[in-house]
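Peer 1: These are the residues of each chain, in order.
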Amino acid sequence: MTLYPIVANIYISLSTYTLRGELVWVGPENYRSIAEDPYIDRVIYNTLVYTILAPALTVALALPISVSLKRVGSAFLLPIMIPSFIPAATAAVMWYLMLNPFFGISYYVYQYNWASSIYTVVIIEIWRSLPLAILIIYSGLKSIPRYIEEGAMADGIIGIRKFLSIDLPIISPQILTAFVLSMISGLFLFDPIYIGTSQAGPRALDNLAFYAFEHFYTDIRLRGYASAVIVIMTVFSTALSIAYIRLISSKTLLKIPVMRSIPSIEVPKVLHYLVISLTLSFVFLPIAWLAIVSLKSAKELLTIPPTIIPRSPTLDNYLYVITTGAPYMITSVSIALIVTLLSVLLSSMLGYSMALHGFGGRKLLIYILYLTATPTLIYIVPLFPILRFAGLINTWWALIATYPIMTIPIATWIMYNYYQRYPRSVDEAAQADGMNRFKAFASIAIPLSKGGMGVVAVYSFLICWGALVFPLAFTYTPYDLSNPLSFSGAQTFSIYIANLMSPVASNYGAVAAAGVISVVPPVVLLSIVRRDLERIWGVR
Amino acid sequence: MVLEVRGVIKRFHNFEIRIDGLVFEDEKYYVILGPSGSGKTTLLRILAGLEIPDGGSVILDGRDITLEPPWRRNIGIVFQNYALYPHMTAYDNIASPLRVKKLPERVIREKVLSIAKILGIEDQLSKYPHQMSGGQQQRVAIARALVKEPRVLLLDEPLSNLDARLRVDVRGFLKMLQRRIGTTIIHVTHDQEEALAIADEIVLINKGRIVEKGAPEDIYRKPKNIFTFKFLGLSNIVSPELLGYRNEGLLGFRPEDAYICYDTNCDLEGSVEAVEYLGSRKIVQIRISGGQLIKINVDPENHINIGERIRIKIDKDRILRFKEVPEDI
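Taken in order, these protein sequences are the chains called A and B. The numbering used here applies: residue 1 is where the first sequence begins, and numbers increase by one. The numbering used here applies: residue 1 is where the second sequence begins, and numbers increase by one.
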């Protein structure tokens, strides 16, 4: 299952498709053309910026924020986590609207056309990946045993000195984990570049991932080339995944030399509050601007300087989105619901038998972990011919068949960890009461795991809701409402948002309204499962 | 004969359980006793079907059930932490094995009420596990295991989660329950006093092997094995020449088989090193020549000072002779 896309990518990378769709062997030709590609230097430079600079900044910011979060309390964690659950396309749209030199709020600060700068993409990526980094580091800080904290206090080690000499070494695996995960996300960064390219023009923002996708998408004859690029990326991402799997089970801690001059002083609590308020502004400013823009009339949108409070708020933009976006929304919601149901059922059964009956052993566990760190991009070239052969391209079925690739691994990982705390003897008592393993799961475990299943459902739904790569690759028209039972036409709401943002439409008011609508499910669903979510994150 | 274990082997990476032959008879109370890590709980789990042995067989009423999963065995089990279903009331917990069998609700109701009456929990049936005390939860767990009328009831350390006072009450209750319902009970514990108090027959296990099997009084008074002697109650082990016997093997006697002696015809002499007052008796530790410590029971009213030199005499009829050299427990 996992080997297929990798092997297929390697095979396709050594071949080329003809216009009639036949695969012809060409040997290392594609790899040779990468070296000769006039754009490749720029693309590699961009890739390095997204893969190294963005993660470094993310972790550098996440560390002080996590420390402050620990001091002021975990109540602020959930709001800070929201960006990572917002569709990446929406996140990109927010920032481009905010940084627009004439109509964005940045007019008041610095009038520079950020659209063509790769650093806009870097900021968007930081905004999206910072929450996960904070979560990982923060839960590391929270898991420091109380006796160590008390021991340090008794020894008179507090404040900055305690952080450097005790906390930092203990959470060093978490810091590295956060860094590696951000690197994987940066290496395969796609959505902000897709949105940004429509603003900045072709090739300015491209990284290898987007570059490969463009080749895959524009011309069937370039799919071999796209595969070659993806194969090279897979090598790096596999190395990163291995590092991630090692880190997550690592017990070795870094030793950090602490200078004597570092004082044992507690940082004033005000400073912690300041850090948290800055973080919250960073998180919510783009969302607020999105909401403001969505209420502006077409005329007001084009006034310079931009108004901060809409003079005559209107719901026209929402009306427009509801009328023109309906087929996209129907597709997105229905597919997210179906895939969520599938994911919850499969992942809880799998997680249960892994945790309680040792199903699959350590190998399956590592495999699941590997899959959680595998980006969707590597699947598109190999899956496309299969879906085409099955006649599923541009139907709902294509998305229903492929979305579980994104949801099942993370869902299973969550359920596995959730069932680690399930008392084994309850399962055994059920067996002794005459229930077979499936019945013990169905009638005893399921009622007891509503919390875990709820969280998994929210994760799955939001992953599907924000998906962009698969629908872009496998669909090309919106849902055909005139023939609903054909389930053909399957472009999603994310694509709708991207389309509105493109220079052809450039309907910023509608983009903002659609963006706001796409932010509603994450905010609502996360608040509903908040308590179980915090328990599963290990911060409660 | 109800349940039989034949040549069962179970291997772990650094440990092996090997039970060559063990028979549990009808309507008897068995206690499997052993130190922690001796393999007693694993043996119980093999009987329940929760572990599959690497070799050998488990036979229930003449039928080989070694590979049968727990849900097809007619065996009840009560777990150390009771393992009640937290989302069900006591009634539903007890009814669950019957509901699996799809009995009519009327029959279920009758059976649940009658077992609840035997266990004295009729008034608890509408409560959820978290609303009950540990003792009540345990009775619900026992009721749930008994309601399907199993051939054998397995109890895994049933008293270890109860406080000391309740433990003695429940001990008596379990014995009484077994007399009343007549089911074979196999009870696992590491507490030797509990085993002596409750068992019709004790199966003593150490390092994955059966050390000795027998009625409490036999196994306490006439242990064939030095491990049994040391594990059950307090013991003294001396070299035979100290008491004037031929120097072969070792001799053992219990603290209650020795007494302070005031005439010239005494066996050992030493100085008092420690005195423990236990209410109904005193245990005095005496260091004899050669440096060994001997424990004897003394009347609690008898005033003995530390450092005092005393002589003791040992009841010759009760001295045990062991051939082997003891291993540490």
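Among the hints, erroneous ones may be present.
[What the hints assert, rightly or not] In the SDA-like style, the derived pairs of lysine to any residue whose C-alpha atoms are separated by at most 20 angstroms in a straight line are:
| # | chain 1 | residue 1 | chain 2 | residue 2 |
| --- | --- | --- | --- | --- |
| 1 | B | Lys102 | A | Lys70 |
| 2 | A | Lys450 | B | Pro86 |
| 3 | A | Lys450 | B | Lys102 |
| 4 | B | Lys111 | A | Lys70 |
| 5 | A | Lys439 | B | His190 |
| 6 | A | Lys450 | B | Lys101 |
| 7 | B | Lys102 | A | Leu63 |
| 8 | A | Lys70 | A | Leu285 |
| 9 | A | Lys439 | B | Lys230 |
| 10 | A | Lys450 | B | Thr89 |
| 11 | A | Lys269 | A | Leu63 |
| 12 | B | Lys230 | B | His190 |
| 13 | A | Lys439 | B | Pro69 |
| 14 | B | Lys101 | A | Leu63 |
Bear in mind the hints are in silico, worked out from the structure with no lab data behind them.
Peer 1: Where does the structure disagree with the numbered hints, that is, which hint numbers, in rising order?
Peer 2: 1, 3, 4, 5, 6, 7, 8, 9 and 14
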